[in-house]
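**Student:** The primary structure of each chain is shown beneath.
4 protein chains.
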Amino acid sequence: MDTAIAPGGILHGMATITRVRAIRTRADGTWVIVKIETNQPGLYGIGSASDHYRAGVVVAAINEVLAPKLVGRDTADIEDIWQSTLTSGYWRQDSVMGTVIAGADMALWDILGKEAGLPVYRLLGGRCRAAVPVYAHAAGNTIEELIADVQHYIDDGWVYIRCQLGAYGGGGFLEPASPGEGGRPRASALRAPFDTTKRGAFDDEAYLQNVPEMFGALRQHFGYGPKFTHDVHEHLRPHQAVALAQALEPHRLFFVEDILPPEHVAYYRHIKQVCTTPQAMGELFINSAEYLPLIQERLIDYMRIRVSKAGGITPARKIANLCEFYGVHTAWQEGGDNDPVNQLAAYHLDLASWNFGIQEENHFTDGELAVFPGHAVTERGYMYGNEAPGLGVDIDETAAANLFDATRAAQPRFMAEDRRADGSLVRP
Amino acid sequence: MDTAIAPGGILHGMATITRVRAIRTRADGTWVIVKIETNQPGLYGIGSASDHYRAGVVVAAINEVLAPKLVGRDTADIEDIWQSTLTSGYWRQDSVMGTVIAGADMALWDILGKEAGLPVYRLLGGRCRAAVPVYAHAAGNTIEELIADVQHYIDDGWVYIRCQLGAYGGGGFLEPASPGEGGRPRASALRAPFDTTKRGAFDDEAYLQNVPEMFGALRQHFGYGPKFTHDVHEHLRPHQAVALAQALEPHRLFFVEDILPPEHVAYYRHIKQVCTTPQAMGELFINSAEYLPLIQERLIDYMRIRVSKAGGITPARKIANLCEFYGVHTAWQEGGDNDPVNQLAAYHLDLASWNFGIQEENHFTDGELAVFPGHAVTERGYMYGNEAPGLGVDIDETAAANLFDATRAAQPRFMAEDRRADGSLVRP
Amino acid sequence: MDTAIAPGGILHGMATITRVRAIRTRADGTWVIVKIETNQPGLYGIGSASDHYRAGVVVAAINEVLAPKLVGRDTADIEDIWQSTLTSGYWRQDSVMGTVIAGADMALWDILGKEAGLPVYRLLGGRCRAAVPVYAHAAGNTIEELIADVQHYIDDGWVYIRCQLGAYGGGGFLEPASPGEGGRPRASALRAPFDTTKRGAFDDEAYLQNVPEMFGALRQHFGYGPKFTHDVHEHLRPHQAVALAQALEPHRLFFVEDILPPEHVAYYRHIKQVCTTPQAMGELFINSAEYLPLIQERLIDYMRIRVSKAGGITPARKIANLCEFYGVHTAWQEGGDNDPVNQLAAYHLDLASWNFGIQEENHFTDGELAVFPGHAVTERGYMYGNEAPGLGVDIDETAAANLFDATRAAQPRFMAEDRRADGSLVRP
Amino acid sequence: MDTAIAPGGILHGMATITRVRAIRTRADGTWVIVKIETNQPGLYGIGSASDHYRAGVVVAAINEVLAPKLVGRDTADIEDIWQSTLTSGYWRQDSVMGTVIAGADMALWDILGKEAGLPVYRLLGGRCRAAVPVYAHAAGNTIEELIADVQHYIDDGWVYIRCQLGAYGGGGFLEPASPGEGGRPRASALRAPFDTTKRGAFDDEAYLQNVPEMFGALRQHFGYGPKFTHDVHEHLRPHQAVALAQALEPHRLFFVEDILPPEHVAYYRHIKQVCTTPQAMGELFINSAEYLPLIQERLIDYMRIRVSKAGGITPARKIANLCEFYGVHTAWQEGGDNDPVNQLAAYHLDLASWNFGIQEENHFTDGELAVFPGHAVTERGYMYGNEAPGLGVDIDETAAANLFDATRAAQPRFMAEDRRADGSLVRP
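Chains as they are written, first to last, in numbering that gives the first Met the number 0: chain A, 0 to 427; chain B, 0 to 427; chain C, 0 to 427; chain D, 0 to 427.
In short, the hints are calculated from the structure, not lab data. Beta carbons: idealized from backbone N, C-alpha and C, even for Gly. Where hints are given, some of them may not hold.
Stated by the list, open to error - Across the chosen pairs, the derived CB separations fall in these ranges:
no., chain 1, residue 1, chain 2, residue 2, range
1, B, GLY222, A, GLY335, 33 to 39 Å
2, A, TRP353, D, THR17, 56 to 62 Å
3, B, VAL376, A, ALA409, 42 to 48 Å
4, D, GLU204, A, LEU368, 54 to 60 Å
5, D, PRO249, A, LYS317, 36 to 42 Å
6, C, ASN38, B, SER423, 23 to 29 Å
7, D, ARG185, A, THR15, 20 to 26 Å
8, A, PRO411, D, ASN401, 28 to 34 Å
9, A, ASN401, D, THR17, 35 to 41 Å
10, B, GLY222, A, THR275, 24 to 30 Å
11, C, PRO292, B, LEU368, 40 to 46 Å
12, D, ARG198, C, TYR223, 50 to 56 Å
13, A, LYS317, D, GLU204, 23 to 29 Å
Let the sequences and hints guide you as you build the complete structure.
**Tutor:** Shown next, in the form of structure tokens:
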């Protein structure tokens with residue numbers, strides 16, 4: 000790598016960004032990988048800018064905003080690039096643009112690691128742990144199915160297991176019924192999307208009944224050894240969320256996540272007044288105005304912002320540092336939507352963060368993993384990266400293109416739209 | 000409707016208020032309907048200014064204050080009329096005047112809807128739900144009677160049911176006894192109205208004992224499917240209210256209402272510190288100084304201000320919006336006193352408010368409903384309005400006059416005056 | 000007076016209320032005096048229930064609500080009557096009903112004093128001061144006129160003088176101008192009441208400029224000896240009120256009153272952060288939710304609630320007591336609207352309250368005073384009552400009737416409706 | 000419009016969304032207009048989704064997300080469409096998506112107004128003022144130039160004038176100098192973009208010196224009649240912002256805007272502790288977590304969120320209502336970037352909001368205005384819309400296409416990137 004030190008001066012890496020590209024993959028096209036190429040032969044980096052619902056918008060932003068902003072800059076100026084890109088369109092703290100910037104940021108850390116010949120976690124201060132514990136996703140439509148799924152993970156050596164029951168995880172859906180029967184509006188009042196009779200209506204009280212029962216059954220079956228979590232997906236009215244947190248207390252969860260929507264995080268104060276159920280939140284956050292008060296008041300116990308939605312490794316490391324001051328641990332969001340690059344970005348942060356808590360497992364097919372040589376490996380509840388320089392993962396562009404199904408990618412994708420019995424929307 | 004657009008200029012709907020009248024109806028004369036007439040043939044609106052205890056005062060205020068203030072103004076200036084009438088007598092946030100202004104405000108929205116050819120809820124942003132769930136009023140002097148009444152509603156498809164036991168609902172009344180016996184002052188000390196021997200004395204501790212027992216019996220009989228509420232009617236000392244809220248927690252009420260009087264809402268902080276029983280309050284509020292701190296601190300979960308006591312649709316919509324920011328849901332007060340016009344004003348707000356929670360059922364006789372063509376219909380726990388322009392309800396003035404009984408209307412009406420065993424007043 | 004003590008029992012006065020009447024007087028009919036008659040020969044009391052803008056509504060409430068509620072009760076049960084009347088119509092803290100209750104409450108204290116053969120202030124604990132200082136109302140359309148008016152009061156021995164300049168006191172009105180000239184909307188946009196060109200538009204910035212200048216001129220002329228106050232009449236936007244308080248600081252006012260409207264008293268926190276200008280407020284308050292937080296946080300220095308709007312002597316004494324705990328002084332509102340009975344009710348409280356601060360002067364004609372034998376006398380800045388039992392004032396009903404002009408009384412009365420240059424309402 | 004009332008049933012307007020299109024115009028392609036077409040002949044609406052820096056991203060989001068989400072829905076369900084679109088991609092409170100949703104929301108209100116035959120402001124409650132005052136943008140590279148520009152506006156009848164000096168308005172830029180001279184890093188340390196020698200370096204202290212001097216000169220020349228504002232563009236370190244607010248106090252600005260960046264609004268507490276300079280902020284806000292605490296604590300005096308960045312008329316009205324409870328006034332952001340549709344959306348809110356304060360002027364060429372028949376007209380400091388149904392503005396698609404310059408539109412656009420003398424970025 001060609002660098003030069005001016006005598007007595009400031010040294011700069013000589014790698015200059017020459018090209019910024021979006022590579023769209025996964026069969027449904029929801030994975031967007033940013034690839035930054037440089038004027039140094041063979042030196043490039045990749046980062047994750049995936050958005051399950053708006054991949055095309057992300058790609059447009061990479062091409063229209065990110066590429067012209069970055070081309071010509073030194074790859075070394077990671078912090079300055081982050082700051083100046085963030086505010087380059089005036090508005091910031093944006094879900095779409097935050098993801099785009101994250102793609103670039105991860106790619107620049109990847110490049111830096113390659114320049115240094117070191118894995119990224121070493122640039123972040125080195126490892127605090129041998130490997131990264133991850134939590135599994137167990138689910139079932141009945142308690143029996145759920146117990147079987149949990150058992151499967153336990154048999155495989157997992158300790159941390161998220162437990163979900165039925166549709167969207169909480170068992171809070173009433174059986175579909177004829178309109179006008181049993182607490183449903185009559186047929187003449189129903190027009191899509193207000194008709195809840197086909198899919199079942201969400202009911203806060205049913206959820207509040209079912210989830211503690213579910214954990215009662217799980218604890219009866221498995222005892223208190225396994226570390227269970229639960230994800231509420233922001234489905235409850237705030238006061239119901241407080242009640243659920245309290246009702247879950249006897250079952251000693253590792254944490255409950257997203258019990259409140261981001262608009263109503265002030266209710267964590269009520270939760271902390273009445274119970275000790277550990278709280279995890281953050282996967283919807285994109286703005287420090289959302290999480291700074293929560294951390295500062297120590298109202299959540301695990302910070303779950305997605306590394307790419309935070310804006311990449313640069314801001315995620317700062318958030319982890321902030322959390323350390325307040326006794327909050329990290330639990331970067333992963334799950335079904337994320338890609339192997341984002342997973343590894345989180346992995347490097349996990350290794351180097353003293354106050355790391357847990358990470359979420361991902362679900363990749365073999366075909367998907369084949370696109371990402373060097374991807375992380377998860378075994379018996381632990382995730383392992385590799386020691387290659389940078390993030391340690393590459394993208395096979397041919398495989399990526401082969402995996403991509405343009406027809407599927409062109410389909411619009413929206414969050415499931417749950418509704419209460421009267422037809423009103425349940426805000427996720 | 001006569002309108003014209005001046006080229007490049009400002010111009011307004013030409014409907015001008017020509018007359019403002021109070022129409023008093025219901026057999027006991029407690030319903031007061033404001034009718035606003037305009038200079039446009041056939042264009043008028045109606046609104047509710049009913050006050051069960053002070054109908055004559057309301058009528059005087061309509062004649063002395065409202066009519067001269069409004070006649071001559073454009074019907075279109077709804078917000079300005081509201082603001083300028085509110086402060087026209089210097090003092091504001093007044094139960095009597097708030098109701099009077101509400102009558103005008105509803106009538107102006109009714110007129111606007113007619114001018115637009117659209118039901119009011121569409122002017123408010125359109126519907127968020129198929130129909131409006133309402134909660135029933137079940138009661139009994141014994142648990143058996145109460146269970147039978149609840150069963151009746153469940154059989155009819157209702158889900159939300161308020162459960163009250165005995166006099167004024169809470170079962171907190173001691174048996175009438177001879178003065179001087181069992182914790183009562185001796186006869187020589189008793190003078191009306193301090194004599195509690197005829198009606199029974201209210202006892203906070205008895206109430207605190209009875210209500211959780213009642214819900215224990217109801218939950219044992221019905222399980223956790225039905226959504227129960229309870230109304231305390233502000234009968235408890237504040238610390239007893241905190242204790243009751245906690246004692247009710249295992250019975251998972253949909254909400255408890257008016258557990259505190261408006262003078263002592265600061266005790267909601269204590270309630271929220273110790274339990275998760277959902278709190279509904281507001282039917283006594285008339286002043287933002289009463290509810291703004293409660294909403295802002297998220298101390299109540301359901302805002303129950305009566306639309307007419309809030310001052311009409313204009314302020315009620317603002318309150319609903321305020322609540323949305325804080326995760327509070329609306330549960331506009333209805334019940335026995337209100338009239339079909341106020342019921343529909345609430346209905347239109349319910350349809351259009353994303354953060355609507357529930358509405359209270361009303362009790363009208365067929366004869367009363369006949370006065371109000373277009374009135375809402377409640378079936379199996381849901382209320383339905385119609386799609387006619389405006390509020391969708393009219394008043395048949397002949398029927399209104401026939402229903403009205405001047406002799407009954409002339410009787411004074413006061414809240415029941417409950418007293419403790421020592422004769423002291425229980426503030427409702 | 001016929002009383003009897005049952006051996007070992009509780010003693011009650013034998014006076015029973017037989018009649019409650021409203022007497023309306025002043026030429027414009029805005030004074031409403033409640034007269035309570037008893038079954039004891041010659042024993043009656045009077046109280047003030049005046050409301051400048053809604054006298055007819057008050058009269059209706061006395062006849063419909065107050066009279067049937069009180070007739071038959073012992074005059075001795077002052078506290079119980081107050082509490083049970085307050086909540087007799089469910090909603091309370093009402094401007095109209097509060098005034099009505101106050102009329103009864105003052106009359107009952109008047110009766111009690113007569114029964115005791117003592118002036119009311121002695122029943123309240125006796126006098127803490129020899130006489131009651133009051134503040135004068137000086138005004139002028141120019142500084143010169145104002146200086147002359149102030150000089151007149153100083154020459155007459157007054158020390159406390161409220162100083163107001165021009166329309167509504169603050170000099171914040173722009174000169175009337177042609178529409179479309181100098182920051183006014185063009186003619187085609189104007190329709191009453193949005194047309195401000197006839198009366199002049201209110202301008203916060205002009206007010207903020209004029210009032211400190213006015214006090215600069217007054218202090219230059221009179222020095223710091225006279226104690227000046229100023230009344231803002233709630234005309235400013237909250238942030239302008241904060242700025243005015245600060246700008247007035249160098250002029251060392253005795254207090255500034257109503258710098259904020261009741262809806263925005265939270266801004267007193269800002270005022271107290273930036274300056275020491277003493278703050279008086281309360282004449283618009285009717286509800287403890289409005290004033291309790293202000294007193295508790297020590298955000299106002301003088302509590303100015305009108306005794307009749309507070310609900311009479313019973314609650315006003317409690318408010319004075321509350322204020323004593325927090326170092327707040329009383330300055331009961333009087334001024335142009337009030338009647339000699341309310342003035343004396345305040346006087347008795349003033350004498351007996353250790354933490355009394357100042358009272359506002361009234362303006363009565365000789366003809367008006369002739370209606371109220373025993374009225375207070377104000378000389379050289381001090382008010383003096385008399386030592387007759389009760390309030391010390393009576394009403395000459397014949398004179399009251401003669402003063403009353405039915406035609407004038409029938410005219411509607413509204414607060415002046417000031418508007419800004421764009422036509423929008425200035426909330427008083 | 001085809002409607003029908005089912006007897007006793009619910010029924011809706013029959014207008015269904017058939018097509019959602021993005022129309023890109025202005026020569027530089029930065030204006031994006033959403034057009035919603037319906038199944039009713041001739042019934043459509045338009046809304047603003049312009050983003051000066053990311054127009055192409057917005058267009059991608061309209062095509063990929065908005066159109067498939069909306070087609071097939073009733074135009075009447077404005078609130079439900081807003082709520083369900085907001086959360087349709089899980090992450091929300093997004094600058095890009097908020098703008099896109101706003102475009103749809105305005106178009107639906109436009110359609111509703113057309114269905115009603117009424118201008119939108121009447122659906123919002125009618126007008127509270129005759130016309131909408133706007134503030135002008137005066138600027139100069141020297142005080143003399145600035146005074147001349149201000150005089151020009153005053154001569155034209157304007158009252159509210161924003162005053163800016165030099166580059167980016169504040170005069171805080173040091174003269175360009177040779178690197179290594181006068182507090183600049185030496186040449187060997189400079190690399191673009193760290194080189195500040197070409198454009199001049201931003202210096203907080205210079206800004207802090209210059210702006211109060213500027214207003215001193217303006218006040219000396221013009222006195223306190225004109226209402227001046229100033230825009231800091233978030234250029235200062237937080238503590239310097241506090242110092243500037245205090246230094247500006249003697250000059251009595253109408254408000255200072257964006258004195259703090261959105262990341263550091265907590266410093267408004269410091270500002271309010273030390274001075275009374277009115278504060279305006281909001282044009283960068285997209286998330287209630289940013290503005291709810293500010294409003295609730297009354298830390299800003301004017302809320303300047305852009306209607307389209309708030310998400311349209313539906314949320315902007317709620318924000319205005321929220322502000323009314325807290326004594327905060329609205330000053331929707333306009334300025335150079337916005338289009339005539341967004342300007343009119345703000346105008347309708349202005350007319351109907353009692354707590355409206357001021358609006359910012361826009362700058363359109365005749366050619367740009369020709370694209371928007373019915374556009375607002377600004378004269379002598381007041382803006383006037385028209386009385387046509389809906390927003391009152393249309394888009395001439397042919398003119399829009401002719402105005403659009405594809406070559407210019409393809410150029411990337413970024414905020415000016417100011418830096419301090421050491422080369423570090425000044426966050427806007």
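**Student:** Has the hinted range 50 to 56 Å been met by the Cβ atoms of D:ARG198 and C:TYR223?
**Tutor:** Once the Cβ atoms are compared, 55 Å apart, the range 50 to 56 Å for C:TYR223 and D:ARG198 holds.
**Student:** Does the beta carbon distance between D:ARG185 and A:THR15 stay inside 20 to 26 Å, or does it fall outside?
**Tutor:** The hint (20 to 26 Å, Cβ to Cβ) holds, given that D:ARG185 and A:THR15 are roughly 22 Å apart.
**Student:** Is it true that A:LYS317 and D:GLU204 lie within 23 to 29 Å of each other by Cβ?
**Tutor:** Cβ of A:LYS317 to Cβ of D:GLU204: about 27 Å, so the range 23 to 29 Å holds.
**Student:** The hint says 42 to 48 Å between B:VAL376 and A:ALA409; measuring C-beta to C-beta, is that right?
**Tutor:** holds (46 Å)
**Student:** Could you check the hint for me, namely that D:GLU204 and A:LEU368 are 54 to 60 Å apart, CB to CB?
**Tutor:** With Cβ atoms ~55 Å apart, the hint holds.
**Student:** Is it true that C:ASN38 and B:SER423 lie within 23 to 29 Å of each other by Cβ?
**Tutor:** For B:SER423 against C:ASN38, whose Cβ atoms are near 25 Å apart, the range 23 to 29 Å holds.
**Student:** Does 28 to 34 Å hold as the CB distance between A:PRO411 and D:ASN401, or does it fail?
**Tutor:** This hint holds: roughly 32 Å between Cβ atoms.
**Student:** So does C:PRO292 sit 40 to 46 Å from B:LEU368, Cβ to Cβ?
**Tutor:** holds (44 Å)
**Student:** Do the Cβ positions of B:GLY222 and A:THR275 conform to the proposed distance bound of 24 to 30 Å?
**Tutor:** Hint holds: Cβ distance 28 Å, inside 24 to 30 Å.
**Student:** Does 33 to 39 Å hold as the CB distance between B:GLY222 and A:GLY335, or does it fail?
**Tutor:** holds (35 Å)
**Student:** Quick check: does the Cβ-Cβ distance between D:PRO249 and A:LYS317 fall within 36 to 42 Å?
**Tutor:** holds (39 Å)
**Student:** Falls inside 56 to 62 Å, the C-beta gap from A:TRP353 to D:THR17?
**Tutor:** Because 57 Å falls inside the window, the suggested range holds.
Comparing the model with each numbered hint stated earlier shows that all of them hold.
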